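Residue numbers for the first sequence, in the working numbering: 1 to 207.
Derived from the structure by calculation, the hints contain no laboratory data.
Some clues are possibly wrong.
[Claimed, not checked] Listed below are the simulated PhoX-like cross-link pairs for lysine-lysine, each with C-alpha atoms no more than 20 angstroms apart in a straight line:
| id | residue 1 | residue 2 |
| --- | --- | --- |
| 1 | K68 | K145 |
| 2 | K117 | K197 |
| 3 | K68 | K37 |
| 4 | K168 | K19 |
[What the hints assert, rightly or not] Have a look at the derived ranges for each label pair, beta carbon to beta carbon:
| id | residue 1 | residue 2 | range |
| --- | --- | --- | --- |
| 5 | E11 | N121 | 24 to 30 angstroms |
| 6 | G84 | K194 | 43 to 49 angstroms |
| 7 | G36 | K145 | 39 to 45 angstroms |
| 8 | Y83 | K118 | 28 to 34 angstroms |
| 9 | V113 | G61 | 18 to 24 angstroms |
| 10 | R150 | K118 | 22 to 28 angstroms |
If you're wondering where the values come from, they're calculated on a predicted model, not measured in any experiment.
C-beta: ideal position from N, C-alpha, C; glycine also.
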Amino acid sequence: MKPDMKKIKREFFQKSALKVARNMLGKYLVRETSEGKCVLKIVETEAYMGVDDDASHSYRGRLTDRNKVMYENGGVFYIYSIYGIYYCLNVVTNKKNIPQAVFIRAAEPLEGVEILKKNRNMNNFNFLHLANGPSKIAQALGLNKEFYGRSVENNRLYFLEGEKVSSKEIALAPRINIDYAQCAKDYPWRFFIKGNKFISKKQFYSL
DNA sequence: AGCGTGATGGTCT
DNA sequence: GACCATCACGCTA
């Protein structure tokens, strides 16, 4: 990793979630704790487009304690718990009161593997499965609601410029586990790096 | 490889 | 009271 790599600023996220989801591929997600530093390369994302997207938590302007941070100006974290035991990591996008977000689905471990491994506490260790799912990422990085609503411009959880990913390397597909959506169920709002070994497992089913 | 299922509790109506 | 932007494991083959 280049030492001069720049931190990504909030402005990066203040555009359509579709654009941001695509542009987040190849970026590095960095987690720093007293234990050390972990770096993940983002390889799969999903866009949640807000009021017109019936898969989105903010569909038709829905506003609850859980999702209220989606209405903030882009560049803050939206973390929620799911199935009682897991967390999902999103970054709020677009401008204030346009409640969109990018869901980070899968990542490739680049640095801090021992810490990721310890946090994941896997019975059968598999490097490919360290961070190849949204809640695996949260678990591997030791995330909880502590970062709910926090700006991406902080020193504990942030993004770096990472690697350029050309359009040719990117594939689109429907999003995962949104069967409850009627209209948007099959919209190709999932983005991933073609052929990357760390994309989430369900990916392969649809290829 | 693909499908089915249990765990587990916060959130929403 | 039902749902859920998940995961791991076990089964079939």
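Verification of the hints:
no.: 1; hint: K68 / K145; in the structure: holds, 14 angstroms
no.: 2; hint: K117 / K197; in the structure: holds, 18 angstroms
no.: 3; hint: K68 / K37; in the structure: violated, 30 angstroms
no.: 4; hint: K168 / K19; in the structure: holds, 16 angstroms
no.: 5; hint: E11 / N121: 24 to 30 angstroms; in the structure: violated, 37 angstroms
no.: 6; hint: G84 / K194: 43 to 49 angstroms; in the structure: violated, 34 angstroms
no.: 7; hint: G36 / K145: 39 to 45 angstroms; in the structure: violated, 23 angstroms
no.: 8; hint: Y83 / K118: 28 to 34 angstroms; in the structure: violated, 22 angstroms
no.: 9; hint: V113 / G61: 18 to 24 angstroms; in the structure: violated, 42 angstroms
no.: 10; hint: R150 / K118: 22 to 28 angstroms; in the structure: holds, 24 angstroms
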